[in-house]
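Enquirer: In order, the protein sequence lines correspond to chains A, B, C, D, E and F.
Counting from 1, position 90 in the first sequence corresponds to residue 114 in my numbering; the numbering is continuous, with no gaps.
Counting from 1, position 88 in the second sequence corresponds to residue 112 in my numbering; the numbering is continuous, with no gaps.
Counting from 1, position 64 in the third sequence corresponds to residue 88 in my numbering; the numbering is continuous, with no gaps.
Counting from 1, position 105 in the fourth sequence corresponds to residue 129 in my numbering; the numbering is continuous, with no gaps.
Counting from 1, position 115 in the fifth sequence corresponds to residue 139 in my numbering; the numbering is continuous, with no gaps.
Counting from 1, position 43 in the sixth sequence corresponds to residue 67 in my numbering; the numbering is continuous, with no gaps.
In short, the hints are calculated from the structure, not lab data.
Certain hints may be false.
In this list, chains with the same sequence are indistinguishable; a pair is considered to hold if it fits within one copy or across any two.
[To be verified] The list that follows gives simulated cross-link-like pairs (lysine-lysine, DSS-like), each with its CA atoms no further than 27 Å apart:
1) Lys152 - Lys53
2) Lys148 - Lys116
3) Lys116 - Lys83
4) Lys152 - Lys34
5) Lys152 - Lys35
6) Lys111 - Lys35
7) Lys83 - Lys111
Protein chains: 6
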Amino acid sequence: MEEKHSERYKKGLHVGHEIWGAEFDEMMKTSREVDPDLQRYTVEYVFGDIFHRAGLDLKTRSLCTVAALAVLGRRNQLRFHLEGAVKNGASKREILEVLIQMSVYGGFPAAWDALSVARDVFTKLGVKD
Amino acid sequence: MEEKHSERYKKGLHVGHEIWGAEFDEMMKTSREVDPDLQRYTVEYVFGDIFHRAGLDLKTRSLCTVAALAVLGRRNQLRFHLEGAVKNGASKREILEVLIQMSVYGGFPAAWDALSVARDVFTKLGVKD
Amino acid sequence: MEEKHSERYKKGLHVGHEIWGAEFDEMMKTSREVDPDLQRYTVEYVFGDIFHRAGLDLKTRSLCTVAALAVLGRRNQLRFHLEGAVKNGASKREILEVLIQMSVYGGFPAAWDALSVARDVFTKLGVKD
Amino acid sequence: MEEKHSERYKKGLHVGHEIWGAEFDEMMKTSREVDPDLQRYTVEYVFGDIFHRAGLDLKTRSLCTVAALAVLGRRNQLRFHLEGAVKNGASKREILEVLIQMSVYGGFPAAWDALSVARDVFTKLGVKD
Amino acid sequence: MEEKHSERYKKGLHVGHEIWGAEFDEMMKTSREVDPDLQRYTVEYVFGDIFHRAGLDLKTRSLCTVAALAVLGRRNQLRFHLEGAVKNGASKREILEVLIQMSVYGGFPAAWDALSVARDVFTKLGVKD
Amino acid sequence: MEEKHSERYKKGLHVGHEIWGAEFDEMMKTSREVDPDLQRYTVEYVFGDIFHRAGLDLKTRSLCTVAALAVLGRRNQLRFHLEGAVKNGASKREILEVLIQMSVYGGFPAAWDALSVARDVFTKLGVKD
Chain A
25 MEEKHSERYK KGLHVGHEIW GAEFDEMMKT SREVDPDLQR YTVEYVFGDI
75 FHRAGLDLKT RSLCTVAALA VLGRRNQLRF HLEGAVKNGA SKREILEVLI
125 QMSVYGGFPA AWDALSVARD VFTKLGVKD
Chain B
25 MEEKHSERYK KGLHVGHEIW GAEFDEMMKT SREVDPDLQR YTVEYVFGDI
75 FHRAGLDLKT RSLCTVAALA VLGRRNQLRF HLEGAVKNGA SKREILEVLI
125 QMSVYGGFPA AWDALSVARD VFTKLGVKD
Chain C
25 MEEKHSERYK KGLHVGHEIW GAEFDEMMKT SREVDPDLQR YTVEYVFGDI
75 FHRAGLDLKT RSLCTVAALA VLGRRNQLRF HLEGAVKNGA SKREILEVLI
125 QMSVYGGFPA AWDALSVARD VFTKLGVKD
Chain D
25 MEEKHSERYK KGLHVGHEIW GAEFDEMMKT SREVDPDLQR YTVEYVFGDI
75 FHRAGLDLKT RSLCTVAALA VLGRRNQLRF HLEGAVKNGA SKREILEVLI
125 QMSVYGGFPA AWDALSVARD VFTKLGVKD
Chain E
25 MEEKHSERYK KGLHVGHEIW GAEFDEMMKT SREVDPDLQR YTVEYVFGDI
75 FHRAGLDLKT RSLCTVAALA VLGRRNQLRF HLEGAVKNGA SKREILEVLI
125 QMSVYGGFPA AWDALSVARD VFTKLGVKD
Chain F
25 MEEKHSERYK KGLHVGHEIW GAEFDEMMKT SREVDPDLQR YTVEYVFGDI
75 FHRAGLDLKT RSLCTVAALA VLGRRNQLRF HLEGAVKNGA SKREILEVLI
125 QMSVYGGFPA AWDALSVARD VFTKLGVKD
């Protein structure tokens, strides 16, 4: 059983590391301590199965994820995926455009809450205009 | 006052028509009958101010909008923006990738509900793989 | 026990009937067939305890309820409370203003979905501008 | 790769069939036509990985799922999992208790919308008190 | 009027105290200071009417409540009801199973946000595997 | 183009200042640093177009906004609009009535989360019963 999962798990760890680098490895270690099962499913399903699928480039995947997390109000994961979007090649301008657009679909509070997270991420990563 | 708004309104009508064609014109006529004020704000703000902004291509805007509407469960607008995504050059594959990805962020029910709308849209528009 | 509840229940039935008339009585009968317990709690808590409380007039209560149901996307109850708002003295204009304002807080799709319900209610009740 | 997934997929099909019988098989066929990839992930992850996990009995899993879908307002999946709850041994009374309780956490509209779905399911399955 | 409510209120205080002990009493005191009316309704309706109803055991009620609060993203009440679930006899494993399952219905962010709250609760209460 | 917007922008700044005073000016300055474009759209659309519209008094607008933000769980904007409600003439009692009513439509957790924000606002503004 363990063997059956291992290819997807290894693939997922690789995909995550390619995008977020050491931060991903660290987060996986932390989340394994919270719950090793959901950590494994997250690596296997989210990163091993879904995130690297052909048919959509990583930058667009990241921006769509940012859009969804902004309207859902999930700040922790939004922060993580804003960093992912930057690392997948999205410019500050492109990220801001997505968040501004969310004022239309999720309302202005959703957009502003997301922008306050984005500002922190841009500062942390040293992203300039 | 009326004059002040007119440039944004004309711009919005133009942007919408460029994407959705006669269907947009028809929808604007119908929605004007529902409420002329919100119809005007929608044309001015959504299409006149936001949708055509530089900094993000229309296809990516459409896909991010589809992602947001899928997790919010707004079927009517999802249908409209799935058509918009096709018209802005998104392939069936790209749209399906966005919706599959939403299983991770909004849950599997959000993804399946959105896919059932997408299937209808693909059929209506004759979109093949 | 039954006796203890009866004052709140009678109060609730009275409050609902005062606002919605025979339609309320009919709805209570239908919902009693769906689940008599939740029907009782709804009459007791929603209408017996809350809706008639002093400190806020019924029209404002109705409009705030309409605002909440619009952003939550609960169409069935929205229809019911739009009728309640009309019966509590809200004008078509006031109701439309609340729904237009929800474009800001819940997004444009929330506002449009709610407006499509409102149009039906205005037609049914013969509400003119 | 295909081989690696097959155990989870077979497991998932088996788990689903055990609960929903021929209806599950039919639904999987239909959903494969909508999107074969998300259908596969659903079988593998939802039913192959998660639903049959040790540590929580199937009846409680079904009731918790019903609770979540009720507050999320996802009617299609709610219908499906209400049937699953019945088939996993939940009584009509237990299901109604969960939905009544949701009036507290998701609001009365969430509870009533879910009860209207449950009534249909009970009728379809011939569930008596 | 006051007399009429008192049985339900006393019942509610008793039910809450049975589950959460002194912590419940303390929370009721604090919430009475925030708003004595909603505090009274909460005691009467949530704990006096609903939580102790026959037809569903307290452990399952708590787990369904945890499921709903996880997908709704209501952290404060989630913390409180995670403690309630433990006190109603749910094991750490059962609680984790419910939260892992929510990755399917509310998305992975909902599950992870809830798990981070659960970790704190388990630590506070000294719950071991 | 810039000229065309300026009337709405000036109007919006004026409307916001009339309600929130120097706090609005300060917030606009801060939000301009976060994103000057969404700040401009917020001033133009939210305050320039919508908030001062005829047909609904400012107090009712504020209370409906508070209702929507409470059920959506948007704490930052809820804080801001609770202050706006006070400044637009809503009494502490009226605000509390709206939030208590939200227990019915958005669930008790939504009401309690909003009440905890309201308590802070009342303290800050020195609002007495």
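Enquirer: With reference to the structure, classify each hint as holding or not holding.
Expert: Here is what the structure says about each hint:
1. In this homomeric assembly, Lys152 and Lys53 come within 27 Å of each other (Cα to Cα) only across copies, at 20 Å, whereas the closest approach inside a single copy is 30 Å.
2. In this assembly of identical chains, Lys148 and Lys116 lie within 27 Å of each other by CA distance solely inside one copy; the values are 13 Å within and 36 Å between copies.
3. In this assembly of identical chains, Lys116 and Lys83 lie within 27 Å of each other by CA distance both inside one copy and across copies; the values are 12 Å within and 18 Å between.
4. Taking the closest pair of Cα atoms, Lys152 and Lys34 never come within 27 Å of each other, the shortest separation being 34 Å inside a single copy and 30 Å across copies.
5. With identical chains, the CA atoms of Lys152 and Lys35 are never at most 27 Å apart, being 32 Å at best within one copy and 31 Å at best between copies.
6. With identical chains, the CA atoms of Lys111 and Lys35 are at most 27 Å apart within one copy only, with a shortest distance of 18 Å there and 35 Å across copies.
7. Proximity of Lys83 and Lys111 under a CA criterion of 27 Å is satisfied in both settings, with 8 Å inside one chain copy and 21 Å between copies.
Checked against the numbered hints given earlier, the structure breaks hints 4, 5 and satisfies all the rest.
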